[in-house]
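**Student:** Residue strings, one per chain:
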Amino acid sequence: MVDITAEVNSVVKKSDLQSGTCHLYVPHTTAAVTVNESADAFVAEDILEHLRSLVPADAHYKHREGNSDAHIKASLIGPDVTVPIQDGHLALGTWQGVFFCEFDGPRQRQVWVTLIKET
Amino acid sequence: MVDITAEVNSVVKKSDLQSGTCHLYVPHTTAAVTVNESADAFVAEDILEHLRSLVPADAHYKHREGNSDAHIKASLIGPDVTVPIQDGHLALGTWQGVFFCEFDGPRQRQVWVTLIKET
Amino acid sequence: MVDITAEVNSVVKKSDLQSGTCHLYVPHTTAAVTVNESADAFVAEDILEHLRSLVPADAHYKHREGNSDAHIKASLIGPDVTVPIQDGHLALGTWQGVFFCEFDGPRQRQVWVTLIKET
Chain A
278 MVDITAEVNS VVKKSDLQSG TCHLYVPHTT AAVTVNESAD AFVAEDILEH
328 LRSLVPADAH YKHREGNSDA HIKASLIGPD VTVPIQDGHL ALGTWQGVFF
378 CEFDGPRQRQ VWVTLIKET
Chain B
278 MVDITAEVNS VVKKSDLQSG TCHLYVPHTT AAVTVNESAD AFVAEDILEH
328 LRSLVPADAH YKHREGNSDA HIKASLIGPD VTVPIQDGHL ALGTWQGVFF
378 CEFDGPRQRQ VWVTLIKET
Chain C
278 MVDITAEVNS VVKKSDLQSG TCHLYVPHTT AAVTVNESAD AFVAEDILEH
328 LRSLVPADAH YKHREGNSDA HIKASLIGPD VTVPIQDGHL ALGTWQGVFF
378 CEFDGPRQRQ VWVTLIKET
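Chains as they are written, first to last, in this note's numbering: chain A, 278 to 396; chain B, 278 to 396; chain C, 278 to 396.
Just chain A, same shape as in the assembly (with noise of 0.2 Å):
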């Protein structure tokens, strides 16, 4: 898991909207996006390591790549997050940050980003 907060935030400043939305969206089956806490490190590493527990890289399954289990936390984590815009930045809880989450890399990725202006 990567923190792309500083990353977005760019991104949000650079369009001058003040209040809206930003959605980040994550164009990869084996990536995912998430918020949560950012400043112990190791809250991120529990998040990792417990996935694999639930889903573990060798148990029985269909797809023949070796790589079913990072589908499956694709989707429990979920491909998009939406984090309001506040005053021209996130708008983010005090220990929030916005975590690109890698569970089949290195490699490299992308998230794309759209900003809707609140009405």
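I should point out that these hints are in silico values taken from the structure, not numbers from a laboratory. Please note that the accuracy of each hint is not assured.
Stated by the list, open to error - Listed next, the in silico DSS-like pairs over lysine-lysine satisfying Cα-Cα at most 30 Å (straight line): (1) C:LYS394 with C:LYS290; (2) A:LYS394 with C:LYS394; (3) B:LYS394 with C:LYS290; (4) A:LYS290 with C:LYS394; (5) B:LYS394 with B:LYS290; (6) A:LYS394 with C:LYS291; (7) A:LYS394 with A:LYS291; (8) B:LYS291 with A:LYS394; (9) C:LYS291 with B:LYS394; (10) A:LYS394 with B:LYS290; (11) C:LYS291 with C:LYS394; (12) A:LYS290 with B:LYS394; (13) A:LYS291 with C:LYS394; (14) B:LYS290 with C:LYS394; (15) A:LYS394 with C:LYS290; (16) B:LYS394 with B:LYS291; (17) A:LYS394 with B:LYS394; (18) A:LYS394 with A:LYS290; (19) B:LYS394 with C:LYS394; (20) B:LYS291 with C:LYS394; (21) B:LYS394 with A:LYS291.
Claimed, not checked - On the chain C side, residues computed to face chain B include the following (Cβ under 7 Å): (22) LEU294; (23) HIS300; (24) TYR302; (25) HIS305; (26) TYR338; (27) LYS339; (28) HIS348; (29) ILE349; (30) SER352; (31) PRO356; (32) TRP389; (33) ILE393.
From the three backbone atoms N, C-alpha and C, an ideal C-beta is built for every residue, glycine too.
Once you've looked at the hints, dock chains B and C against the given chain A.
**Tutor:** Positioned in the frame of chain A, the structure of chains B and C alone reads:
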């Protein structure tokens, strides 16, 4: 899990928005938001109880604050959900309610609402 | 899991919206929507099968309708997903498709679509 449908609907109604989306965001890292059946309270109890079995409180975690299970559950359920708005109120299915999911409480919590007009 | 990408894309194309977001919402409490690999149908089978092992149909649940597992899976995968729109169609990754996840069927089901223009 607390049914917050009425509170969210009151925000939607005050806005005069007729059609669009209502984005609900949890600015905490040990809580989440979801939509599920509101008719039978046992459904929410089953969800919480089963999450306790999938993510035990006393497993071996690295995060030292004793609430790693709550952080993991928060990312499994997710920090946000978007519900359509039609005719000036939340467009929920017949049996659906919006639930705030507390995994590390009781605490005073917030849900942030962003309304967007349909194009 | 049913690949509904073509149906959703046909709604997007009729709208003439060029760039923005497509919000997909499941108004049911024992079904969900996700994005994952559409190239190999075994991926969707692995997801469903693994969810069955994580949330057994015959565990001890309080909800008396025999479908508590389906309610729990619905909140693990989630009732909604938002996909970007670019150039007038869903902007999906190379291997991605949008999947309706039926956990308590077969039944006649709906997915509600809300389109929002990019700011």
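**Student:** A separate judgement is required for each hint: does it hold in the structure or not?
**Tutor:** The hints, checked one at a time:
For the hint pairing C:LYS394 with C:LYS290, the CA-to-CA distance comes to about 13 Å; that is within 30 Å, so the pair holds. As the CA atoms of A:LYS394 and C:LYS394 are separated by approximately 9 Å, the hinted pair is consistent with the 30 Å bound. In summary, the hint linking B:LYS394 to C:LYS290 is supported, as the alpha carbons are separated by about 19 Å, within the 30 Å threshold. A hinted pair counts as satisfied when its Cα atoms are at most 30 Å apart, and A:LYS290 with C:LYS394 qualifies at roughly 19 Å.
For the hint pairing B:LYS394 with B:LYS290, the CA-to-CA distance comes to about 13 Å; that is within 30 Å, so the pair holds. Simply put, A:LYS394 and C:LYS291 have alpha-carbon atoms about 23 Å apart, close enough for the 30 Å limit, and the pair holds. Between the alpha carbons of A:LYS394 and A:LYS291 the distance comes to roughly 14 Å, so the proposed pair stays at or under 30 Å and holds. Only pairs whose Cα atoms come within 30 Å are accepted, and B:LYS291 paired with A:LYS394 is accepted, the gap being roughly 19 Å.
Distance check on the hinted pair: C:LYS291 and B:LYS394 sit about 19 Å apart at the alpha-carbon level, within 30 Å; holds. At most 30 Å may separate the alpha-carbon atoms for a hinted pair to count; A:LYS394 and B:LYS290 meet this at roughly 19 Å. Distance hint between C:LYS291 and C:LYS394 is fulfilled; the C-alpha atoms sit about 14 Å from each other, no more than 30 Å. Restraint check for A:LYS290 and B:LYS394: the C-alpha separation of about 22 Å stays at or below 30 Å, so the hint holds.
As the CA atoms of A:LYS291 and C:LYS394 are separated by approximately 19 Å, the hinted pair is consistent with the 30 Å bound. For the proposed pair B:LYS290 and C:LYS394, the alpha carbon gap of about 22 Å is at most 30 Å, so the pair holds. For the hint linking A:LYS394 to C:LYS290, the alpha-carbon distance of about 22 Å falls within 30 Å, and the restraint holds. Under the criterion of a C-alpha separation no larger than 30 Å, the hint pairing B:LYS394 with B:LYS291 is consistent with the structure, at around 14 Å.
The straight-line distance between the Cα atoms of A:LYS394 and B:LYS394 is roughly 9 Å, inside the 30 Å bound, and the hint therefore holds. Only pairs whose Cα atoms come within 30 Å are accepted, and A:LYS394 paired with A:LYS290 is accepted, the gap being roughly 13 Å. The straight-line distance between the Cα atoms of B:LYS394 and C:LYS394 is roughly 9 Å, inside the 30 Å bound, and the hint therefore holds. Between B:LYS291 and C:LYS394 the CA atoms are separated by roughly 23 Å; this keeps the pair inside 30 Å, and the hint holds.
Among the hinted pairs, B:LYS394 with A:LYS291 is consistent with the structure: their alpha-carbon atoms are about 23 Å apart, no more than 30 Å. Hint status for C:LEU294 relative to chain B: holds, with the closest Cβ pair at about 6 Å, below 7 Å. Because the smallest distance between the Cβ of C:HIS300 and any Cβ of chain B comes to about 6 Å, under 7 Å, the interface hint for this residue holds. The restraint placing C:TYR302 at the interface with chain B holds, with a minimum CB-CB distance near 5 Å, inside the 7 Å limit.
A least Cβ separation of about 6 Å between C:HIS305 and chain B falls short of the 7 Å threshold, and the interface hint therefore holds. Interface hint at C:TYR338: satisfied, since its Cβ lies 5 Å from the closest Cβ of chain B, which is below the 7 Å cut-off. Because the smallest distance between the Cβ of C:LYS339 and any Cβ of chain B comes to about 4 Å, under 7 Å, the interface hint for this residue holds. Interface restraint check: C:HIS348 against chain B, minimum CB-CB distance 5 Å, threshold 7 Å, status holds.
Using the Cβ-Cβ criterion of 7 Å, the hint placing C:ILE349 at the interface with chain B is satisfied: the shortest such distance is roughly 5 Å. Contact between C:SER352 and chain B, as hinted, is supported at the beta carbon level, the nearest pair being about 4 Å apart and thus within 7 Å. For C:PRO356, the interface hint holds, the least distance from its beta-carbon to any beta-carbon of chain B being 5 Å, beneath 7 Å. With a cut of 7 Å, the hint placing C:TRP389 at the interface with chain B holds, because the nearest CB-to-CB distance is about 5 Å.
Given hint, C:ILE393 at the interface with chain B, holds; its Cβ is 5 Å from that chain's nearest Cβ, closer than 7 Å.
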